[in-house]
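Engineer: Here is how the chains run, residue by residue.
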Amino acid sequence: TQLLEQSPQFLSIQEGENLTVYCNSSSVFSSLQWYRQEPGEGPVLLVTVVTGGEVKKLKRLTFQFGDARKDSSLHITAAQPGDTGLYLCAGVGTYKYIFGTGTRLKVLA
Amino acid sequence: DAGVIQSPRHEVTEMGQEVTLRCKPISGHNSLFWYRQTMMRGLELLIYFNNNVPIDDSGMPEDRFSAKMPNASFSTLKIQPSEPRDSAVYFCASSFSSRMEQYFGPGTRLTVT
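In the order they appear, the protein sequences are chains A and B.
Here the numbering used here is used: position 52 in the first sequence is 52, and no number is missing along the way.
Here the numbering used here is used: position 13 in the second sequence is 13, and no number is missing along the way.
Hints are computed from structural coordinates only; laboratory data are not their basis.
Do not take every clue at face value.
Covered by chain B, according to a simulated footprint, are these stretches of chain A (three or more residues, beta-carbon under 8 angstroms) [what the hints assert, rightly or not]:
| no. | region |
| --- | --- |
| 1 | 63-73 |
| 2 | 97-108 |
Simulated DEER-style distance windows between Cβ atoms [what the hints assert, rightly or not]:
| no. | chain 1 | residue 1 | chain 2 | residue 2 | range |
| --- | --- | --- | --- | --- | --- |
| 3 | A | 80 | B | 53 | 37 to 45 angstroms |
| 4 | B | 100 | A | 57 | 16 to 24 angstroms |
| 5 | A | 101 | B | 96 | 39 to 47 angstroms |
Each computed EDC-like pair below joins lysine to aspartate or glutamate, with the alpha-carbon atoms no more than 20 angstroms apart [said to hold, decoys possible]:
| no. | chain 1 | residue 1 | chain 2 | residue 2 |
| --- | --- | --- | --- | --- |
| 6 | B | 24 | A | 41 |
| 7 | A | 96 | B | 14 |
| 8 | B | 78 | B | 101 |
| 9 | A | 56 | A | 41 |
Beta carbons: idealized from backbone N, C-alpha and C, even for Gly.
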C-alpha cells in the first residue's frame, strides 16, 4: 500500500516567516503534485514535479522532488496571510493516485 | 469555461435515507474521481472512472456505496442506506487522464443525522 505522510500536520506562523512542509513515502512515484485547498472549496493544483531532484519555483513557493522520487518538500518564503490553507501532496503511482495527509497552514498578520 | 459541477452543495438527511450526489465533469476529460474528505481521515479516493468505466473502486467503504457513470458528462454517487458516519464533504474531480492534473468541484457537504 502506498502512503503519503505530510509534516507538520498543523502550522501557525507570523507573516514574513519562512516555512517548509514535507511529504514522505516509502514508495516511488512517477510524479508528485502539490495542491492548496481553501475553506469551502476543492483542492487546486499548484505544481507537478516529475524528475528526481527537480526543483520548481512558483513566486515565493519552492517545490522539490526527492532524488529517489519518494519524497517532496514545499518551502514558502516570507509567508503571507493569503498563503493560509490546507496543502496536500499527491503521488501518482502505478495504479493509484494518492493524496497525502495534509498540512494545515495559518499565517497570522 | 465551466469547471466541475456538483449538486447539491449541501445535503442534510436522516439516517436510513438514500442520498444521491451528482457530478458533471469538465467537457473533454476522460477520467472522473470521487473523493470523501473528513478531518479525521483526510481526502480519500472512493472510486475512479476512465472513459466511463470504473477502474478502481477499492476505496468504496462498503456495499451501501455505489457509483455510476452512464455517459461522459454525468456521474452519480449513491449511499443507501445512509448512516451518520457517512457525514463528510464529497468531492468529484476530473482530468484528461488518470495521471494528470485533477480539477475538483466545489464539493457536497453531507450531514446524516
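Engineer: A separate judgement is required for each hint: does it hold in the structure or not?
Structural biologist: Hint-by-hint comparison with the structure:
Requiring three or more residues with a Cβ within less than 8 angstroms of a Cβ of chain B, the coverage given for the region 63-73 of chain A is violated, as only 0 such residues are present. Coverage of a stretch by a chain is defined here by at least three residues with a beta carbon nearer than 8 angstroms to that chain's beta carbons; for the region 97-108 of chain A and chain B the count is 6, and the condition holds. At about 44 angstroms, the CB distance of residue 80/A to residue 53/B agrees with the hint of 37 to 45 angstroms. In this structure the hint that residue 100/B and residue 57/A lie 16 to 24 angstroms apart at CB holds, the actual value being about 21 angstroms.
Checking the proposed 39 to 47 angstroms range against residue 101/A and residue 96/B shows it is violated: the Cβ atoms sit about 27 angstroms from each other. At most 20 angstroms may separate the alpha-carbon atoms for a hinted pair to count; residue 24/B and residue 41/A meet this at roughly 16 angstroms. Restraint check: the Cα-Cα separation between residue 96/A and residue 14/B comes to about 34 angstroms, which exceeds 20 angstroms; the hinted pair is violated. Proposed proximity of residue 78/B and residue 101/B is contradicted: the alpha carbons are some 25 angstroms apart, above 20 angstroms.
Our distance criterion of 20 angstroms between C-alpha atoms is broken by residue 56/A and residue 41/A, whose separation comes to about 25 angstroms.
The structure fails hints 1, 5, 7, 8 and 9 (numbered hints given earlier, in ascending order).
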